[in-house]
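Novice: Dock chains L, G and R against the given chain E, drawing on the hints supplied.
Protein chains in written order, with the numbering used here: chain E, 478 to 821; chain L, 478 to 821; chain G, 478 to 821; chain R, 478 to 821.
Hints should not be assumed to be uniformly reliable.
The list makes no distinction among identical chains, and a pair is therefore deemed to hold if it is satisfied within one copy or across any two copies.
DSS-like, lysine-lysine: derived pairs with alpha carbons at most 25 Å apart [stated by the list, open to error]:
| # | residue 1 | residue 2 |
| --- | --- | --- |
| 1 | LYS738 | LYS808 |
| 2 | LYS526 | LYS641 |
| 3 | LYS515 | LYS781 |
| 4 | LYS526 | LYS781 |
| 5 | LYS642 | LYS700 |
| 6 | LYS781 | LYS808 |
| 7 | LYS738 | LYS630 |
| 8 | LYS757 | LYS790 |
| 9 | LYS642 | LYS701 |
| 10 | LYS515 | LYS782 |
| 11 | LYS495 | LYS782 |
These are calculated hints, taken from the structure and not from any lab test.
4 protein chains.
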Amino acid sequence: MLRFECDYAEGAHPSILKRLMETNMMQTPGYGTDDFCKSAKEKIKKICKNENCDIHFVSGGTQANLIVISSILKPYQGVISADTGHINTHETGAIEATGHKVLAIKSGDGKLKAAQVQEVYEAHINDPNHEHVPAPGMVYISHPTENGTTYSKEELSALSDVCKKYNLPLFMDGARLGYGLAAADNTLNMNDIAKLCDIFYIGGTKVGALFGEAIVITNPALKKDFRYNIKQRGAMLAKGRMLGIQFDVLFEDGLYFEISKNAVELAMLIKETCQNKGFKFRYESTTNQQFPILPNSLIEELSKKYAFYPWEKYDENNTAVRFCTSWATAKENVQALVEDINKF
Amino acid sequence: MLRFECDYAEGAHPSILKRLMETNMMQTPGYGTDDFCKSAKEKIKKICKNENCDIHFVSGGTQANLIVISSILKPYQGVISADTGHINTHETGAIEATGHKVLAIKSGDGKLKAAQVQEVYEAHINDPNHEHVPAPGMVYISHPTENGTTYSKEELSALSDVCKKYNLPLFMDGARLGYGLAAADNTLNMNDIAKLCDIFYIGGTKVGALFGEAIVITNPALKKDFRYNIKQRGAMLAKGRMLGIQFDVLFEDGLYFEISKNAVELAMLIKETCQNKGFKFRYESTTNQQFPILPNSLIEELSKKYAFYPWEKYDENNTAVRFCTSWATAKENVQALVEDINKF
Amino acid sequence: MLRFECDYAEGAHPSILKRLMETNMMQTPGYGTDDFCKSAKEKIKKICKNENCDIHFVSGGTQANLIVISSILKPYQGVISADTGHINTHETGAIEATGHKVLAIKSGDGKLKAAQVQEVYEAHINDPNHEHVPAPGMVYISHPTENGTTYSKEELSALSDVCKKYNLPLFMDGARLGYGLAAADNTLNMNDIAKLCDIFYIGGTKVGALFGEAIVITNPALKKDFRYNIKQRGAMLAKGRMLGIQFDVLFEDGLYFEISKNAVELAMLIKETCQNKGFKFRYESTTNQQFPILPNSLIEELSKKYAFYPWEKYDENNTAVRFCTSWATAKENVQALVEDINKF
Amino acid sequence: MLRFECDYAEGAHPSILKRLMETNMMQTPGYGTDDFCKSAKEKIKKICKNENCDIHFVSGGTQANLIVISSILKPYQGVISADTGHINTHETGAIEATGHKVLAIKSGDGKLKAAQVQEVYEAHINDPNHEHVPAPGMVYISHPTENGTTYSKEELSALSDVCKKYNLPLFMDGARLGYGLAAADNTLNMNDIAKLCDIFYIGGTKVGALFGEAIVITNPALKKDFRYNIKQRGAMLAKGRMLGIQFDVLFEDGLYFEISKNAVELAMLIKETCQNKGFKFRYESTTNQQFPILPNSLIEELSKKYAFYPWEKYDENNTAVRFCTSWATAKENVQALVEDINKF
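Excised from the complex, chain E in its bound form (with noise of 0.2 Å):
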């Protein structure tokens, strides 16, 4: 069976596992005090263009998020998402959990809107019974999206503006970051990131890492006494060297781009090959999650070698499937399914 369901089937980066073995019997203090994390903390807020941004490093997604939201929010606030966001869709209510509610925002494409962020806000300040409703305290993105989606500058310039005016901290999630910046229309440098987002995550579970996220603070007041946020949520590593020293490997020399961009390339040979086959697509995607709408038939056929994942039923007799590359993903597998998709 060859996986295309998910981004996070292998391991990590072989340099990673390589850095892990030089370091292991060194002896560090703990709970991400150490040099490793230090070091690699100095590499992102270079590649950030930010000196002063603070960053920590955590395990896993949900906890990212999950402790961002939490963190910022008042208890009556809820978190403006779109309604296809991650928080809203897979977290098993991780955020309520918390105690606050998603106010999911209807989306096509995964993507959240500045006029839709200006609408929602308006309406709330506007009920006479706003009272009686949880009012808007941020906004949550992903980028890429959970479709594959992605912001271009000018949205997210203007997704920050409306955030700015209305004191909306924005967060993005980048559980795929590297796979949007690696996407042929990308219009993002770490730096518009940095500048136009609050607080974000470099997701790096996804992107070659073993595990981890690093979430980077910006906006200087959500800075504040974070490290009691992540330890209280289980979310401080004993030995949190662990994630710097994978996050060190993963901004030496470029390396994060560069393993990101081997997932778009073969993510844009399925796209190709699907397009030429005259399949249409769920979304639009141009990073590497890929949502072509294949013939059931072409999808059992598929289903026998590969692994991939059904995500709508499109009519009686297509359906829209996502195929996944990753960082890690093997150029002869793609070759495999691309052969297979033309033999239909």
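Specialist: Leaving out everything else, chains L, G and R in the frame of chain E:
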């Protein structure tokens, strides 16, 4: 600086890193449903002599504690714990953040006595105002405790009996379980623990792993839907195999127990040296943490060369300190320390 | 200004105030353990024809909802509700504040259909990623709904059946229960409701009381330790007798049902008037809330003299509004309103 | 049975019932936005000599405590309280249910000392592991305390100073505030309290009202969006006027202070009688709760005729008990009790 201030100063046992390398590019499904996890679970079941227990892997101890406790308690219930318990003193209110009070009981040595649990429970149900107080809903113990002390089979049986009598699930935090089982005066084995506790966890972070704890559920009533709780609290690792691989190695050919002995043997060297010098101890520990009461002048001297933890002021001239050893502690480091103490 | 904007604009039924006066200086024990509460409970049991139900009084509807729901759900579970449900739209995230997601289902008229519950539940358990989504743990309905609509005996039975099949407790929010039972097309009685729901509450605040709701628990599994939950959420009134006295009066000689009729009769006057004028309705309500779609010019005119609630824009020239009547509504006020509509 | 076991055994002061009758059929808007509430707030502001404070009415003390505390604390913060504080001992973990640990400090008499707050705060920030412990985020006191003791102006000023120094909002639970102000040794007035506390509440439930507490916020930083919190916790009464009317009556012509005196005078009768008989007291109370240590034989005798609360075993033959008086206590009842004590 030679580090004795904690038992998580190094990376992982080399066999674990070796296995991570060997398996790195294999493709597996996510979220702990892979074969490595399966294999590790089988080994743990065998050692527990319990084919029917459920096993789940999470990243760290606070995570394990908050997930287990919040999954068991009803909203109005609290968890009985020694006042020295990790959940009461070192988790930034993680249990309270899930809505529950820690019902802390005075403990001189880190242990909870069966009679204390009985007393607290009886006092509660006989209180005419009991509805105005959180109801005791379960019992938390750590073994070894935060003070290095351990439960005998007799003591644990007595606790188990009183818990069964009052229908209070008994939960053992085994963050340092290996070091407890390796103690010279140990009378418990894994099967005893599996029989006497309703739920417990086997610590990996402090005993050979990069990170990770194995939660073992023996009480069938506590098994249902446990994975939802893991996911909701942000503790379900996408690459769950990382945890499976580590525990698979640790429970192969008794490695976990073997490496635990190293820690305890070296701790005993420190203990005997202090005893021979006539120093008293804050707690009577037979495990990898030692709490000698040392003259401040000696502490000052040792601090130049060794990292260790000041625990508690004893009197004007003496302070209790903590020395930790671990599976990774080098004998020569302990010998150096011991010599320096002897020189005093 | 004549008020039709809510059903809680006046104080209490005079019989309640009279009883409060008569009993004022009597001494009773606190927290709802007094004889007035006992007597009120007996009356409610009799009317429900259920000797074994448990009854608890609390101050208001949001309180009742959050206590009931948080007492039933496990941490990872959510509550199924119509998207129009009070808990989803008018309680400032009170349910989320207790840690649970409201699983909102599209509803055109405020009602939830048995088929919808079945579909949601089946979709959940058949989702391969179901552990990544909050599990449905119970069903919340309001009767009458926030839109004035009601469940027929047949509909409620179907809901009850599907809930029993899936082991989902069925909870009815009866904030306006009296007005539902007084509807011309009503097919339910208190005994039906007690049989078909696992737990429900009888609204006092909107039906004759100063404040207060009576929670009735018929499912034995939901009864245990309920008072702890009431106390923990700050809903256990020290002078619990205040609630007992009020419900004792309301359920004496059918007063509750009698006064409910007034509201519905007067609402029907408004309904018929609007119908005769050819106005359409946003919802087909047979209870005390009416939602006619009125020309904006008429609304402007009426607003000078009457308080009522703009509900929803219909088109450029028309808006759906809400008129509420209650047990206290004066017939002459309705006659004035009706005349003014007729004049248009 | 003559009741001295609590200060909420009767209904409301007759003037309140009278006003409820007079205003019963007036129509008002809901949720505390009516003119009765406005009028009551004006009166309280005047008495506090503070035109800029915000005032909110809620139904009960636990509600007031949990709303105030959860609105102020950040998720990782706890509230400092005497271990005897109501929030720590009689609210079923209501504070923990909102996610926060009560940081309980040993108190002999129910009071918290400025030096204790300083010590706790300094210990926290100087703890190298402070991120592993909930941070002190505010201070809770009750005045009079649960033990009947009171703060002098000097003591409250010292507390206020240390709280300001450490940026810890000071919150006073004034469930029995009237009885504290009526004490012979009282040195505080409402203006002092408004100046020295950041937020406090004036208890109605135990001092003349049917139910209700008035939360007064003097620190501007704590005012924003407070009503959202009230609504979310289920404490926003639909007929908010019920609370407004009650406090409007209580603060008309000093009624609140007047009726408080009755309680204290009668309590002093009990106190003096016990003193004259040579009985000691568990606490030195100058307010409406008295805690004499009585011979068990006397307690047995009195129990036949009077309801009162056994507080704490003193020795084999003696037990501390609690007698409560209130605004409603009849002098003849106290005289009967006093005579029966004297007969002993």
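Novice: Give a verdict on every hint.
Specialist: Now for the hints, and whether the structure bears them out:
Within a single copy, LYS738 and LYS808 get their C-alpha atoms as close as 12 Å, which meets the 25 Å cut-off; across copies the closest is 47 Å, which misses it. In this assembly of identical chains, the alpha carbons of LYS526 and LYS641 lie at most 25 Å apart only when taken from the same copy (21 Å versus 38 Å across copies). Taking identical chains as interchangeable, the C-alpha atoms of LYS515 and LYS781 lie at most 25 Å apart only when they sit on different chains, with a minimum of 24 Å there against 47 Å within one chain. In this homomeric assembly, LYS526 and LYS781 never come within 25 Å of each other (Cα to Cα): the closest approach is 47 Å inside a single copy and 38 Å across copies.
Taking the shortest Cα distances, LYS642 and LYS700 sit within 25 Å of each other both inside one copy (20 Å) and across copies (22 Å). In this homomeric assembly, LYS781 and LYS808 come within 25 Å of each other (Cα to Cα) only inside a single copy, at 19 Å, whereas the closest approach across copies is 55 Å. Within a single copy, LYS738 and LYS630 get their C-alpha atoms as close as 19 Å, which meets the 25 Å cut-off; across copies the closest is 57 Å, which misses it. Within a single copy, LYS757 and LYS790 get their C-alpha atoms as close as 13 Å, which meets the 25 Å cut-off; across copies the closest is 38 Å, which misses it.
For the identical chains of this complex, LYS642 and LYS701 are neighbours both inside a copy (22 Å) and across copies (18 Å), given an alpha-carbon limit of 25 Å. Taking the shortest alpha-carbon separations for LYS515 and LYS782, only the inter-copy value of 23 Å comes in at or below 25 Å, while the best intra-copy value is 44 Å. Neither within a single protomer nor between protomers do LYS495 and LYS782 lie at most 25 Å apart by alpha-carbon distance, with minima of 32 Å and 30 Å respectively.
Hint check: violations occur at hints 4, 11; the rest are consistent with the structure.
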